[in-house]
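Engineer: Using the sequences provided together with the hints, build the complete structure.
Taken in order, these protein sequences are the chains called A and B.
Our numbering puts the first sequence at residues 1 to 271.
Our numbering puts the second sequence at residues 1 to 429.
Accuracy of the hints is not assured; some may be wrong.
To be clear about the criterion: a stretch of chain A counts as covered by chain B if any three or more of its residues have a C-beta under 8 Å from a C-beta of chain B, and this derived list gives those stretches [what the hints assert, rightly or not]:
hint	stretch
1	173-184
2	190-204
3	219-230
The hints are simulated quantities; they were obtained by calculation from the structure and are not laboratory data.
Ideal Cβ positions, reconstructed from N, Cα and C, are used throughout, including at glycine.
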Amino acid sequence: MIQIVNNLLNMIEILKMAEWIDRYNEGDLSTIEHRQFSEMISRHPVLRAEVKLDQEIIRMIEDEDVLELVQKLEKIRKSPEKSMHGYSFLMLAASILALTTIGLFTLLFIHTRDEPYSMMARDEKPVPARPVSSGKTLLYLDLSKTTKRISPPACREMAKNRQLIARYQPLPELELLIGSSIRADAFHLFSPKPRLSLPGGSTILFQWDPVPEISNCSLEIIDNTGKVLSTIFLPNGDRFVLDTDYLGKGLIYWKLIMDEEIISLGSVTLM
Amino acid sequence: MVCLIVIFQGPMMNAQFVAHDDSLQTSANTDLPDLMNRLFGIAEGKLHHCFFSSGLSFYGISEIPVIQENLGPEEVMLEYSLTETHMTIFIISKAVFSIHQQALGPEFWKTIAAFRRKIRLADFQELVSLSHKLYLVLVAPAKQVLQGKKHLIVIPGKELLSVPFEALIVENCMLGKIPQFNQCHYLILDFEITYQFSAGQWIEARYRPPWSAGKENAFPEIDFAGFSPGSYQNPAINPLPFAQKELVSIAELFSQKGLTACLRLEACSSKDLFKEISERSRIIHFASHSHFNHDHPEFKGIVFWEYQPYSGILTPDNGILSAGEVESLAIKADLIVLNACASGSVSDMDNVRVISLPLGFVQAGAKNVLSTLWNVTDRLANEIMLGFYRKWLSGKTFSTALREVKLELIRCRETALPTIWASYMLIGQ
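Structural biologist: This is the structure in structure tokens:
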């Protein structure tokens, strides 16, 4: 029993460290976190090797040639330097796989809900959200505790999953702007709901109260990194149908803009 | 690019002049009118016109010592005067008066337009770099005078009235693909920032008699008067569920402090009732919709219960409180809060006049006006105002309370986007 608990604790610790490595390599750490983590890397050679390995995996994932990917992974696995950390590679892979699974389920759960974002309860103080990261303590990765090897195809699968997950990551900066009405007597939007989950390639109906003064109205589609994918100028009338065929799968945000002001903002998860 | 910096220290006639233009090098103790003539190449008689006819400001060179006298040791006033090709910044502190002039190219106007658009549309692309570029042009020239100061009084002029100086970025904060908006070094981190329409109005407001000095209405009968017509009961008005919650929660905060609060909700939120109590209230708070009319900007205003949208030609009884209507009122309020979309936006009537609801309230006698530069969501507008009043009721000034709320929002990634917090601007003391 004690052994099981110990293993579980070790696994949790490793999962957390894998997350830190991912965030470090993807440039998602804050300044303070980045500094702290860089210091840790400089102090711990094992961690340094893990970070480097993760960087190489990321680089390889971008490579389209599968055979080359396998060869490269094999090469890394067999190289003398890396062989010292074979176990660590295994644990990193395992932790990413576990993260991927947990994350996928969490995201799917969040984004299949239709009700408005519940982060800010109506009667609560403003500024919910996560605390400043300066006080965050970093965990140490004990790389000696790994026990299994993982095959390159499995690693590739994990990488694919990770890329897939990244497309469903919400953009925190926009989440609180979703769904709430604005304090301007612009038009009233009936459809779509602020948060939607649809199969990829579906159409989305935008329908509003017809008003005579509508002018300069456009629909902006952005991805979950804030990049504008398209801007569609809306015709006069009271409806518009958006075809999501060209958008691919993932989380997208839409902004309805009138006279250079946002009048409505929502998100759609294309499954 | 021509760049001129003139620094006057102490008595005006013993001016110290620093020119970053070889043709204008001169010695200390230059005679002021002569200096101005050489600087701008115009006759002495036109100096006032040249400097202070931006359409909003109406003080003269002779009044600068008065301004300096009224400024606190930690305050700096920045007044901007822009033409299509030049910008002049008047930098005034208690001990220093300097003038910075520089040429403006089309690039500057493009940057301003792009920044305004991106910040109000929550568009991440290049927002950080645009904001930093504007900081370098608008604020960095005053860096030397700003050292050790804590409060900026910005007189932006017509062209910059919709630029939130708080959101200007002192240092670039791009880390990775997405800007870390909670890590940016915004100007608000260094300064408390308030706005004024003109230095003259700022001085006038300073000398305005307090409540107790009048013979009638010696004290405000109502500490907080709140108006919100937005509900599900009036089909003409889109519901604002958080607007009424906002007023009720604020009223509770006031009553906890033993202060009087008067709420006018639903059908009681009429324009007539507002006019009736406007002279007797210390704080007047609107949690409502804004109405925009591009063909008739003079009818832009705050929506009351009587509002009938799209009913043809607008009349004074249309349920909209417009800037023109406000100007004719006698308001003694310490604070007017216009918690509606883009309530502080400025419309150009012609090249001379501007229409602005906050300006109307200031001209009617309000000491401070808190308004918004772009659209705000019902839910966040409610949260921000609750935070603001909590802080003010704990003894902070209006500007400190607003700054602290904004800093709290900046600290969290979910609310750090300037679109959320920089919309609110405080005009006044």
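Engineer: All hints, please: hold or fail.
Structural biologist: Structure-based check of all given hints:
| no. | hint | result |
| --- | --- | --- |
| 1 | 173-184 | holds (count 10) |
| 2 | 190-204 | violated (count 0) |
| 3 | 219-230 | holds (count 5) |
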